[in-house]
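Using the sequences and the hints, build the whole thing.
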Amino acid sequence: MAAVEKELRDVAAYLGVPCGKITFNELVPVLNGKIKGLTTILKHLTRESKNTFLFGNNAEDQAFIDQWLEYRVTSINTCSNEKELSNRLKELNLYLSDKVYFVGNHITLADVSIYHAVHGILADMTYSEKENLIHLSRWLDNIQQSSELRQSLPLLPFSKTLLYH
Amino acid sequence: MKIISDRGNFQSIKILIAAKTSCIDVKFTVVKPNEMIVPYLTEHKLPILEVKPDKYLFSVNAAVRLFFTSTGIESNSVEIDEWLEWENSQLLPCVLSFLFGMVEPNTKNGKLETALQPILNHLNLCLHNRKYIVGDKLSSADVAIFGTVYPLMMALLLKDFSNITSWIQRLLTTSAFQDAVFLVTNNEGPSCFKVEKALTQEEIDAALRSW
Numbered sequence: 001m002a003a004v005e006k007e008l009r010d011v012a013a014y015l016g017v018p019c020g021k022i023t024f025n026e027l028v029p030v031l032n033g034k035i036k037g038l039t040t041i042l043k044h045l046t047r048e049s050k051n052t053f054l055f056g057n058n059a060e061d062q063a064f065i066d067q068w069l070e071y072r073v074t075s076i077n078t079c080s081n082e083k084e085l086s087n088r089l090k091e092l093n094l095y096l097s098d099k100v101y102f103v104g105n106h107i108t109l110a111d112v113s114i115y116h117a118v119h120g121i122l123a124d125m126t127y128s129e130k131e132n133l134i135h136l137s138r139w140l141d142n143i144q145q146s147s148e149l150r151q152s153l154p155l156l157p158f159s160k161t162l163l164y165h
Numbered sequence: 001m002k003i004i005s006d007r008g009n010f011q012s013i014k015i016l017i018a019a020k021t022s023c024i025d026v027k028f029t030v031v032k033p034n035e036m037i038v039p040y041l042t043e044h045k046l047p048i049l050e051v052k053p054d055k056y057l058f059s060v061n062a063a064v065r066l067f068f069t070s071t072g073i074e075s076n077s078v079e080i081d082e083w084l085e086w087e088n089s090q091l092l093p094c095v096l097s098f099l100f101g102m103v104e105p106n107t108k109n110g111k112l113e114t115a116l117q118p119i120l121n122h123l124n125l126c127l128h129n130r131k132y133i134v135g136d137k138l139s140s141a142d143v144a145i146f147g148t149v150y151p152l153m154m155a156l157l158l159k160d161f162s163n164i165t166s167w168i169q170r171l172l173t174t175s176a177f178q179d180a181v182f183l184v185t186n187n188e189g190p191s192c193f194k195v196e197k198a199l200t201q202e203e204i205d206a207a208l209r210s211w
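Chains as they are written, first to last, in the working numbering: chain A, 1 to 165; chain X, 1 to 211.
No lab work stands behind these hints: they were computed from the structure.
Just so you know, even glycine gets a beta-carbon here, dropped at the ideal spot from N, CA and C.
Be aware that a few hints might be false.
[To be verified] Stretch by stretch, here's where chain A covers chain X in the computed footprint (C-beta under 8 Å, at least three residues):
hint, stretch
1, 51-59
2, 65-77
[As the list claims (entries may be wrong)] With a Cα cut of at most 20 Å, we get these calculated EDC-like pairs of lysine to aspartate or glutamate:
hint, chain 1, residue 1, chain 2, residue 2
3, X, K52, A, E5
4, X, K20, A, E129
5, X, K55, A, D61
6, X, K32, X, E50
7, X, K20, X, E50
[Stated by the list, open to error] Quick partial rundown of chain A residues pointing at chain X, CB under 7 Å, derived from the structure:
hint, residue
8, A2
9, G33
10, V73
11, T74
12, N87
Written as structure tokens, this is what we have:
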């Protein structure tokens with residue numbers, strides 16, 4: 001729960017909006033006692049900030065962004081064992097094999113949310129484990145170059161061979 | 001656009017309703033339950049909306065919303081976000097455990113029903129004196145939640161939730177809802193979701209994961 005609260009504060013700072021009070025109803029984060037759910041709060045903060053480019057360029061982009069926001073909450077955050085998590089990472093890696101960003105040709109809320117979801121997982125990996133997820137690693141290394149996005153999260157190291165792959 | 005689903009998949013009801021409501025023609029293709037459609041997913045997942053060739057939405061709620069937002073039926077709102085997130089992170093896992101639990105001879109239904117109780121209570125309370133879940137018109141929140149609670153009619157589980165049942169009956173008076181239910185249940189209504197064969201724990205786990 002502490003990690004979720006920190007993430008929401010980091011995202012609010014990235015967006016340049018005040019975060020408000022975060023509480024928890026069981027494991028579900030609640031903003032200011034009324035807005036419930038991680039995805040719902042992330043989208044609300046983005047609307048407040050007027051950074052509408054994070055919602056993509058059209059209804060179709062928005063649908064794909066919604067899909068990845070949902071995937072993060074229902075498929076990544078709920079992993080109960082190593083095997084499931086490893087399958088999710090494989091899926092993200094394969095999906096990103098021909099992409100720079102999750103949706104469209106610029107950063108969106110899907111990138112922001114998944115960055116927060118996988119940062120801690122990749123931080124615990126060895127260079128060679130990260131090389132096995134080469135597309136996911138390349139995507140993250142590109143995203144993390146923005147210090148506004150990173151906020152309190154450390155820059156993750158990747159091997160040079162990976163960077164110049 | 002094309003809906004790809006296995007036979008009798010109750011989640012495909014949602015996409016069919018959304019397509020019909022927004023007057024968008026879609027093709028409905030039936031495949032085997034274990035067919036892998038999305039190339040980067042490691043487990044089979046159905047239904048899928050093929051938005052363009054090789055461009056797939058595997059999130060049913062995102063597909064529903066695409067029909068509603070691209071045709072201007074609704075715009076993004078925090079209330080709809082919240083209901084859709086509630087549906088897929090709380091309601092759906094609970095309903096699936098219940099539906100799969102029903103066919104396991106050794107599973108005590110009592111426990112799963114207890115888990116469903118507070119979730120259905122929440123919905124029932126919110127529907128008090130309301131025709132729709134958000135505002136005064138149909139939104140993707142109604143469609144997403146209808147598709148997931150509809151199979152519970154079969155278990156007579158909704159009989160004590162009068163606001164939910166009257167909301168369902170009211171939605172079923174429109175042709176978009178009738179046609180979708182007719183197509184997916186093969187005109188059998190909610191009883192078609194009763195699985196005859198007992199599933200193994202492995203199959204249940206796999207099915208739950210794929211959601």
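Hint-by-hint comparison with the structure:
| no. | hint | result |
| --- | --- | --- |
| 1 | 51-59 | holds (count 4) |
| 2 | 65-77 | holds (count 5) |
| 3 | X:K52 x A:E5 | violated (37 Å) |
| 4 | X:K20 x A:E129 | violated (47 Å) |
| 5 | X:K55 x A:D61 | holds (11 Å) |
| 6 | X:K32 x X:E50 | holds (16 Å) |
| 7 | X:K20 x X:E50 | holds (16 Å) |
| 8 | A2 | violated (20 Å) |
| 9 | G33 | violated (13 Å) |
| 10 | V73 | holds (5 Å) |
| 11 | T74 | holds (5 Å) |
| 12 | N87 | holds (4 Å) |
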